[in-house]
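*Asks:* These are the residues of each chain, in order.
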Amino acid sequence: MTRTILITGGVRSGKSAIAEGRTLGFGAPAVYIATAEAWDEEMRARIATHQDRRGPEWVTHAEPLDLIGALNATDGQPRLVDCLTLWLTNLMLGGHDWRAAGQALAEALPRQGSPVVLVTNEVGAGIVPENKLAREFRDAAGLLNQWVAAVADEVILAVAGLPMKVK
Amino acid sequence: MTRTILITGGVRSGKSAIAEGRTLGFGAPAVYIATAEAWDEEMRARIATHQDRRGPEWVTHAEPLDLIGALNATDGQPRLVDCLTLWLTNLMLGGHDWRAAGQALAEALPRQGSPVVLVTNEVGAGIVPENKLAREFRDAAGLLNQWVAAVADEVILAVAGLPMKVK
Amino acid sequence: MTRTILITGGVRSGKSAIAEGRTLGFGAPAVYIATAEAWDEEMRARIATHQDRRGPEWVTHAEPLDLIGALNATDGQPRLVDCLTLWLTNLMLGGHDWRAAGQALAEALPRQGSPVVLVTNEVGAGIVPENKLAREFRDAAGLLNQWVAAVADEVILAVAGLPMKVK
Chain A
1 MTRTILITGG VRSGKSAIAE GRTLGFGAPA VYIATAEAWD EEMRARIATH
51 QDRRGPEWVT HAEPLDLIGA LNATDGQPRL VDCLTLWLTN LMLGGHDWRA
101 AGQALAEALP RQGSPVVLVT NEVGAGIVPE NKLAREFRDA AGLLNQWVAA
151 VADEVILAVA GLPMKVK
Chain B
1 MTRTILITGG VRSGKSAIAE GRTLGFGAPA VYIATAEAWD EEMRARIATH
51 QDRRGPEWVT HAEPLDLIGA LNATDGQPRL VDCLTLWLTN LMLGGHDWRA
101 AGQALAEALP RQGSPVVLVT NEVGAGIVPE NKLAREFRDA AGLLNQWVAA
151 VADEVILAVA GLPMKVK
Chain C
1 MTRTILITGG VRSGKSAIAE GRTLGFGAPA VYIATAEAWD EEMRARIATH
51 QDRRGPEWVT HAEPLDLIGA LNATDGQPRL VDCLTLWLTN LMLGGHDWRA
101 AGQALAEALP RQGSPVVLVT NEVGAGIVPE NKLAREFRDA AGLLNQWVAA
151 VADEVILAVA GLPMKVK
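Chains as they are written, first to last, in the numbering used here: chain A, 1 to 167; chain B, 1 to 167; chain C, 1 to 167.
In short, the hints are calculated from the structure, not lab data. Just so it is clear, the structure is predicted and the values come from calculations on it, not from any experiment. For glycine and all other residues, C-beta sits at the position ideal for the given N, C-alpha and C. Mixed in with the good hints, there may be bad ones.
[Unchecked claim] To spell it out: a stretch of chain A is covered by chain C in this simulated footprint if at least three of its residues, at any positions, have a beta carbon under 8 angstroms from a beta carbon of chain C; those stretches are:
no.: 1; region: 113-126
no.: 2; region: 149-162
[To be verified] Straight-line alpha carbon distances no greater than 35 angstroms define the calculated DSBU-like cross-link-like pairs of lysine-lysine that follow:
no.: 3; chain 1: B; residue 1: K165; chain 2: A; residue 2: K165
no.: 4; chain 1: A; residue 1: K132; chain 2: C; residue 2: K132
no.: 5; chain 1: B; residue 1: K165; chain 2: A; residue 2: K167
no.: 6; chain 1: A; residue 1: K165; chain 2: B; residue 2: K167
no.: 7; chain 1: C; residue 1: K132; chain 2: B; residue 2: K132
no.: 8; chain 1: B; residue 1: K165; chain 2: B; residue 2: K132
no.: 9; chain 1: C; residue 1: K132; chain 2: C; residue 2: K167
no.: 10; chain 1: C; residue 1: K165; chain 2: A; residue 2: K167
no.: 11; chain 1: B; residue 1: K167; chain 2: C; residue 2: K167
no.: 12; chain 1: B; residue 1: K167; chain 2: A; residue 2: K167
no.: 13; chain 1: C; residue 1: K165; chain 2: A; residue 2: K165
no.: 14; chain 1: C; residue 1: K165; chain 2: A; residue 2: K132
no.: 15; chain 1: A; residue 1: K165; chain 2: A; residue 2: K132
no.: 16; chain 1: A; residue 1: K132; chain 2: B; residue 2: K132
no.: 17; chain 1: A; residue 1: K132; chain 2: A; residue 2: K167
no.: 18; chain 1: C; residue 1: K165; chain 2: B; residue 2: K165
no.: 19; chain 1: C; residue 1: K165; chain 2: C; residue 2: K132
no.: 20; chain 1: B; residue 1: K167; chain 2: C; residue 2: K165
no.: 21; chain 1: B; residue 1: K132; chain 2: B; residue 2: K167
Turn these sequences into a full structure, and let the hints guide you.
*Replies:* As structure tokens, this is what we get:
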């Protein structure tokens, strides 16, 4: 039985809608683990757009940093983690050890008792950024995606709102 | 019968050549609906390169904004729209309602009597741009791709000049 | 028998690890043809990370420009070229004719007597760069990928460390 599903893709590629459908396919109510922090107005608007689309089948659990704690606290129900890239951003901006956290996540996922669908982003297919922090973030995001994909039962690439099977 | 084909991919991924082959596969002469506007010398050179590759099987119909009008005016022949991303650019730079235009296009496509092949771009797989307009454009391009992909009979991702089936 | 394999993907998508596995699948020792030049500290660190992962099955052959010469000099053993994008960078920064060199490579590959696995990068799926040189590089990288993919027996897109078959 598929338990861990990673859904990756570019921005506005339809990742979240695909992830929501897959999560509710495991049953309702489902837990929406939101890693976003509303740093500015643009992010607040983006969060609101996502919340508007979700209906009453969802319970929201906001957790910007302790993702493993959030998974353990919600085990037993289908979970959607949206998204790993913002979690990584929070870890890096907060000066946390993102490598240790990412590897701990990859170890924690196979021990979960109920399904986990994780959304992440493809950020490495553009031109090399001139900004050094952006290059480091891009490298970190790629590694985190690899660690989670390695333990996932299924990996999907979203393109134009459609799922492509990767694993 | 496949009627609407969306071909997406990164820059220089071979989208146009794949799209030209698919369009002529429906018969000749075919109509090349060019949405490009030659804003500067670089764009003029890019348009010329594309025109040089196309042969006498093609009739060019230039239309930067009224894409639905161009489709209706050319119905009956195979059409290639190259490309949606430049059409979106023209809509946004001209202050038009790109959401209304994009949704109207998605409604108009299934009503076409002859095939339409549309080229678009993957612009959302790089690092988050620092420029706010670039972020808005990236979001808009992703949504437009989703709307058209949802009504397309076939969706292709071009990688290194080769077609990958998405739908 | 598969002889020429092109492996493309975004940064940190796991391309090199996939390429190393495929090359050693043809036998050991294998030749690692490194096109990287250590321009700065960041690049030196990146080269060292890649070298640390490779074991004693590898012989390194460093060649920033004359890639065809390097292939001819090592024919008879499995070769891994890592990577085409850095080779292109070296050609462009050195003022060489990258189009002639890229097309000569595409002609030389099918004449090789032993397998060649080539790593390259997807750099064209982000927003249009504001920097003109970056746009030219992006175009050149896309064309080079197309030329090599056209003669490759197999083309793989790496996503989150996993291989997707393109050809």
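*Asks:* Give a verdict on every hint.
*Replies:* To see whether the hints hold, each was checked on the structure:
1. 113-126: holds (count 6)
2. 149-162: holds (count 4)
3. K165/B x K165/A: 11 angstroms, holds
4. K132/A x K132/C: Roughly 20 angstroms separates the two Cα atoms, so the pair holds.
5. K165/B x K167/A: 16 angstroms, holds
6. K165/A x K167/B: 11 angstroms, holds
7. K132/C x K132/B: At roughly 20 angstroms apart (the allowed maximum being 35 angstroms), K132/B and K132/C satisfy the hint.
8. K165/B x K132/B: Roughly 33 angstroms separates the two Cα atoms, so the pair holds.
9. K132/C x K167/C: 32 angstroms, holds
10. K165/C x K167/A: 11 angstroms, holds
11. K167/B x K167/C: 17 angstroms, holds
12. K167/B x K167/A: This hinted pair holds, its Cα atoms lying about 17 angstroms apart.
13. K165/C x K165/A: 11 angstroms, holds
14. K165/C x K132/A: 32 angstroms, holds
15. K165/A x K132/A: 33 angstroms, holds
16. K132/A x K132/B: Distance of about 20 angstroms is within 35 angstroms: holds.
17. K132/A x K167/A: 32 angstroms, holds
18. K165/C x K165/B: This hinted pair holds, its Cα atoms lying about 11 angstroms apart.
19. K165/C x K132/C: 33 angstroms, holds
20. K167/B x K165/C: 16 angstroms, holds
21. K132/B x K167/B: 32 angstroms, holds
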